[in-house]
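Fit chain to chain and form the complex, with the hints in mind.
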Amino acid sequence: MAEERRPAFVVVGKNERKVDGVALVTGKPKFAGDLDLPGTLCVKILHSPHAHARIVEIDASEAEGLPGVACVLTHQNTPLTRYTTAGQGYPEPSPYDARMFDTKVRFVGDRVAAVAAETEEIALEALKKIRVRYEELPAILSVDGALAAGAPIIHDEKDSPGIYDAAKNIAADVDIDVGDVAQGFAESDVIVETVCETQYAQHAPIEPHVVLTNLDEDGRLVIRSSTQVPFHVRRIVARVLDVPLHRIRVIKPRIGGGFGVKQEVLLEDLAALVTLRTGRPALVVLSRQEEFIASRTRHPMRIRVKLGARSDGALHALEMEVLSNTGAYGTHALTVLSNVGSKTLPIYNKAKNVHFFGKAVYTNLPVAGAYRGYGATQGYFALETAMDELADGLGMDPLKLRRRNAIRVGESSPIFEKLGEGREGVAQTVKSCGLERAIELGAARIGWEEKRGKRPRQGSRVRGVGMSIHMQGSGIPQIDMAAATVKMNEDGSFNLLIGATDLGTGSDTILAQIAAEILGVPVSKVIVTSSDTDVTPFDTGAYASSTTYVSGKAVERAALAVREQIVQVAAAMLADDGGNLDEARFVLKNERAVAPNGRGVTLAEICQRAMYQTGQFQIAATASFVPDESPPPFMASFAEVEVDTETGRVQVLEYVAAVDCGVAINPKMAEGQVEGSVANGIGFALTEEMLFSSKGRVRNPTLFDYKILGARDVPPIEVILVPSFEPTGPVGAKSVGEIGINGPIPTIANAIHDAVGIRLTKTPFTPERVLDALRARRPG
Amino acid sequence: MKISLTVNGAQRAFDVHPGDTLLEVLRREGYKGVKKGCGAGDCGACAVLLDGRAVNSCLVLAGKADGSEVLTIEGLSKDGALHPLQEAFLDEGAVQCGYCTPGMIIASLDLLTHHPDPNEEEIREGIAGNLCRCTGYTKELRAIQAAAEKMREARHG
Chain F
1121 MAEERRPAFV VVGKNERKVD GVALVTGKPK FAGDLDLPGT LCVKILHSPH
1171 AHARIVEIDA SEAEGLPGVA CVLTHQNTPL TRYTTAGQGY PEPSPYDARM
1221 FDTKVRFVGD RVAAVAAETE EIALEALKKI RVRYEELPAI LSVDGALAAG
1271 APIIHDEKDS PGIYDAAKNI AADVDIDVGD VAQGFAESDV IVETVCETQY
1321 AQHAPIEPHV VLTNLDEDGR LVIRSSTQVP FHVRRIVARV LDVPLHRIRV
1371 IKPRIGGGFG VKQEVLLEDL AALVTLRTGR PALVVLSRQE EFIASRTRHP
1421 MRIRVKLGAR SDGALHALEM EVLSNTGAYG THALTVLSNV GSKTLPIYNK
1471 AKNVHFFGKA VYTNLPVAGA YRGYGATQGY FALETAMDEL ADGLGMDPLK
1521 LRRRNAIRVG ESSPIFEKLG EGREGVAQTV KSCGLERAIE LGAARIGWEE
1571 KRGKRPRQGS RVRGVGMSIH MQGSGIPQID MAAATVKMNE DGSFNLLIGA
1621 TDLGTGSDTI LAQIAAEILG VPVSKVIVTS SDTDVTPFDT GAYASSTTYV
1671 SGKAVERAAL AVREQIVQVA AAMLADDGGN LDEARFVLKN ERAVAPNGRG
1721 VTLAEICQRA MYQTGQFQIA ATASFVPDES PPPFMASFAE VEVDTETGRV
1771 QVLEYVAAVD CGVAINPKMA EGQVEGSVAN GIGFALTEEM LFSSKGRVRN
1821 PTLFDYKILG ARDVPPIEVI LVPSFEPTGP VGAKSVGEIG INGPIPTIAN
1871 AIHDAVGIRL TKTPFTPERV LDALRARRPG
Chain Y
13 MKISLTVNGA QRAFDVHPGD TLLEVLRREG YKGVKKGCGA GDCGACAVLL
63 DGRAVNSCLV LAGKADGSEV LTIEGLSKDG ALHPLQEAFL DEGAVQCGYC
113 TPGMIIASLD LLTHHPDPNE EEIREGIAGN LCRCTGYTKE LRAIQAAAEK
163 MREARHG
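Respectively, the protein sequence lines represent chains F and Y.
Residue numbering for the first sequence follows our numbering, starting at 1121 and increasing by one per position.
Residue numbering for the second sequence follows our numbering, starting at 13 and increasing by one per position.
If we strip away everything but chain Y, and leave its shape as in the complex, we get (with noise of 0.2 Å):
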């Protein structure tokens, strides 16, 4: 079947087998930033903005996201600019393997969109559902934190 997505902000049509996952196709067309983990939406690597949530693309069906918007990592920079999360996840030393990395991005982006002032209890809830299992979480918490700051700054300033 085809169906049609607007991935990062370009609209394209993908041949899929009704049984595909969106992962399955988003990796098969090149978008290896989506990461699979386990496959069954308990670790969170393959998370993917779908209209503007963040969803496990192991489990959302590519049909059913047939006319959707999805925003993976390799749409998060603009020109070469990195994103503030991106830059936050650096400076703080959040990044280890950088296996989780794209999920707990997508994850807290979609947090922070609508949530731009989160508390460390609701950030721990914002990726709650990331497994990493390199660095324990308190970078990436501070990361968060960081990322929210700026963020805010650039909304008001």
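Here chain F stands alone, though its shape is the one from the complex (with noise of 0.2 Å):
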């Protein structure tokens, strides 16, 4: 199998430290909000106390005069340039829908005006001053009233481009076919529809947004931020502000977790305005409530997914309808939308009838954007929780099942070609996959065959076991761009310079791995330096899981391009002593350049004679890489739960999830990233969720009332790193950093199914939901 084709590596499978680690664990400054600049403006953001309103009047003179009062901005006073705060690539394939600040409010919490202040207190008390006088308009609080006859429209003005429908509420729209989907139904032996629901959820990085601007020495504006794109960030605040770009350095510090929610561009521009306007370095930071009312959420779904299966479990029709609601404004509407699609269907290849389609519409209500799973959470809740069906239609034990349809290595899904980030996707095949083992390994690590269907009870309390499969992508083909630079110093060591963006996940620590692995030198060796756009070549960022892949490749041919002219200056003086100069032989190692017969010179000497010798020149190289395919990481997950039929608590007593994630570069940070996305998603199964007033005001902003899970919450997860081999991956890996959050609503649902009979079709799993469905399932 693939496993024999991997080489043996010397620092990839390694858990090394973090390169960074030792500066985390003693607490050294390094995040965005730790730089003490003096002069430092504190910069605070007044929001719409209405859902939907138009802006009559705004007067800020009382707060523009209150002493310690910097700068006050308003639309009065800042560009009106459309754009959209996706924080992608260009062109964006998000719609042009959002300004500064717009003569009209779209959601409580959207920005009305700023205040750059000398002190926070100061900052916070002119804005009670600042006078606005709102003209309040019908709200829109759900997708259905959004896409009602007659329904106010959210998006009026007459300049956003990209929008598909401003006058129906409908920011997106997606439709694509596969095969006759209506025939295949018709040619179906059992047929199953469910329709699933997944409620507002919030990112709750333990970091809020944090930017620090400031002009350098030069006059250049200096941008350093808690971001997952500083490249976007630079190019969307140019335009914006209608800055050269050349004039703008954005530098990522640490930064204290993202999962989506720091790909937007929400706080770069205010604080960019402000140090242009007064000269002075400008702090604005979100505070825990503000991340809940306005930063961004993961787009709530209405899903209806119908299958169409032959009496031996083959899957011949798929369905899936898509209602998404992107709240206030179109940031990654369309793309979270193919995404419900995109990654969810091809791992059902075997259906040759498939279709897609959906809408993404605006409502007043928080804004969606990009969050860890990007739809494909959404999607696998429903199409999982339908093979269940399907199963049970069948008579058929749903692993089987599942086996029988999934995607394996050499094989296709037309879903690939038809459907990507908003337009047309790139065909490809699947050239490593290790679900089928992961299946195997996970089902007899939960007992699967032993409990399954079993429902032990003790008192109320009764058990169940459920399983579904995943995929996610590494990158985005063809889109997607990373860029390395590998440098040699004297010592022997080298600078790796990475556009990529290290949210936490230890890319850094990985990307340095590939280099010291193919220059044969230990991780303490590689010098990281990443996130800088002065500094550092073009990243799109840290989103899509493209960093492993993408990032990864492009680290790899830098090495390896380093790693040639090493041979060639080896060659050359190994040369000298009559040694052999096949220089294809050469092998890296230990820090020195060993020739086939055995000779060899140390790294240092190498670049020692490179710089002040012969020949002399700049070990050093730069490569890119763009992917023509997106291999898709592989999961299968198991839960054991145990569900009260009195009070209606769901416990998961354990979790298990197999993954193929290729080569683990480094097998700790990769089971972390599986670990922290199955925790994160188990809170979306069981008790996170964003609460509303009927004015559409965030009722639960902060950590105690919305539910994140604690150590106490937490059940014990077992990750299982399943091997294979990706050809086209940098030292055969993919990414794996989403792939873990799409496993437990449905994972859990189908378990709670298998201990009490219940479908639950609604996240959060709550004990109020659980009781309704065991008393709706009663007779009388």
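A portion of the hints provided could be inaccurate.
Cut-off 16 Å, straight-line C-alpha distance, at most; resulting in silico cross-link-like pairs (EDC-like, lysine to aspartate or glutamate) [claimed, not checked]:
| # | chain 1 | residue 1 | chain 2 | residue 2 |
| --- | --- | --- | --- | --- |
| 1 | F | Lys1150 | Y | Glu86 |
| 2 | F | Lys1472 | F | Asp1309 |
| 3 | Y | Lys76 | Y | Asp27 |
| 4 | F | Lys1148 | Y | Glu86 |
| 5 | F | Lys1134 | Y | Asp103 |
| 6 | F | Lys1426 | F | Glu1313 |
| 7 | F | Lys1148 | Y | Glu41 |
| 8 | F | Lys1815 | F | Glu1255 |
| 9 | F | Lys1472 | F | Glu1537 |
| 10 | F | Lys1571 | F | Asp1517 |
| 11 | F | Lys1882 | F | Asp1892 |
| 12 | F | Lys1645 | F | Glu1610 |
Source of the hints: derived by calculation from the structure; they are not laboratory data.
Note that the structure is a prediction, hence the values are computed from the model and not measured.
Here it is as structure tokens:
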């Protein structure tokens, strides 16, 4: 199998410590909010109290007159350029429906004004002195309301390009067909249909959004931001503020978690404009409450899945209809919608007739954006719930049904080509797939055969097991781009310069491991500098599970090019001694270049010669990578749950995620990606939900009331890394950042069904919903 | 008002406002390892040892801490040698973004000081007030177990 092609690695596959680890465990000031610049102004935002209103009048004179206020920003004195905060590649597949400040507010929490002042107290005081007269408009607080005849139009402005049908509140629309789905259903022996709904959920990184801006000694604008996309920040801020791009430098220091919410360009424009207006440093940090009401969320969705199968279990027709709530702005509306299908449907490539269609609609609720899983999380809830129902209908083990229909090595799916990032996708064949093995290992670990359908009961508590299968991608094919520079120093160390953005995922470390592997040095000899638009080469950023695969490949290429230069010098040095010149057979190991005859020179000697002695040049290379495909990581996910039929409480007893991410460059970090995303996914499944008042105000904007899981709440999570080798990936790797989060909702839903026979179709599975479903099932 | 604190072994005097929290004062005075995640005592990122016990420094008025002894994450490693908890967090892969890490390590230190040999449930309880969004806690549990073992060995060794 593929594993046999796996070369023997020295650094890759080892649990190296994080290259930034010591700084982090000793509390070094490495985050954007940790830098004290003299004279820094504090920026605070005035948020809309209304879900939908026009700003009739705004008077900031009293606020401006308050001692200690440096400037007040409103729509009256800021650029009116339309843009999207999505933080995507250019041109963005999201509508340009936002402004820094608009004359209309579209959700409770929308920007009305901002104040920059000497202290936070003064800034907050000044916000209270801004007089705003609103004309309230009828608000749309549901997707059905958005699509109702005569609904108010949320984006009635005339200058927002990229909205699918503004008059109907439709931000985006997708409709693709493979084969003939109607005929497919007509030819099917068993048909099931299910509708699943997901909630408003927040990323809740422990570090809130933070941006610090200043002018450097040459008058250039420096933006330090907790961002996933430094290069997109530079491009977008340059355009919105009409500043030449070369006058802006964006630095991403350490960042305290992102999960998609820091792909949004949310605050950089504000701090930057304050600095440009005042010449002073400016700091804007969202409060936890602001994170909830005014940052971004996962797109809540209602998804209908209809499956048709032959009596032997072969999937024949597959229909998925999506209604996505993008909130007040259309950031990521089209692409998240597309990914609901593109990251789920190819896994069942045996179905010859597929129809995927849907809409993303505007509402006057908080703005949805990118969130780990990116639509696939929602899609798999419906798809994998329907698969379990289909297994019931066929009288087949759900595990066998999935095995029968899942994609394998050498196979493709027409969906890859039909459905891309808001446009057509890219055809690809799966070249590595450990899904079959993942199902096998996961089932054995959870005890599937012994536990499935047994429903052991203890008092009011009943146990059950469930499973689901998943794929994601590794970057966006023919769109994402990453570059890396490797440069050699005369002690045999290397600088690795990468645009890639480490959110805490450990990408700086695994990218260093790739370089170290190829260059024959320990990780300590690779000095990583990342995410600084002045210093590092371009990278689209950390999203779409792109970094390991796309940025990793750029690093691999740059390191191979440097390796070639090293070998040339080494060959010349050894030739002087009559050594063997066959450069192809040189080996770089233990910080030496070794010729086929066993003679070698140290890397330090090689670089000293190149720098100071003969044929002098800098050993260095820059390489880029644009992927032609997006090899999916795969996962089989299992859970054992206990449902209390009296209280409705669902407890996950054990969770198993068997994941194929190709070669795990740093196994503990790969496991950590899965463990963290599974924990977040269990939160979605059981506790996390943003609640709204009848006026569209978030009712639970705190970490006390919005329940993310703590150490007592998370069950034992067992991650099994299933070995495979991705031939197109760097050192055989695929990406692994997102896939884990897709598992818990359908896996837990299916386990609850196994335990007590109810189908929960609305997240989170709160005790109330469990009890309602149990009551509804009981006769009488 | 003036207060006096012993921070990481050094006695220091600070000028504070009556409404200042210990978190605000510590960060203002350069202890940036003390993180703010919520300002409401929900996340634990700002945990420090106050007279030997872990507290959320966002909930402590600086004035109330006058005369106390404070240990922040910056004071944990001695002469460049990492504390066993810091070593274990690195070795077990318990650090991802690292933003919750200082508070998590401080809470663990409190736990291991008072319960040198905790079982898994006690560890989960000990860090229950420290939210982490990156790791799912699995690696932290192992790190704390590993550190506990090392610290016991050091005590008896």
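Structure versus earlier hints - violations, ascending order: none
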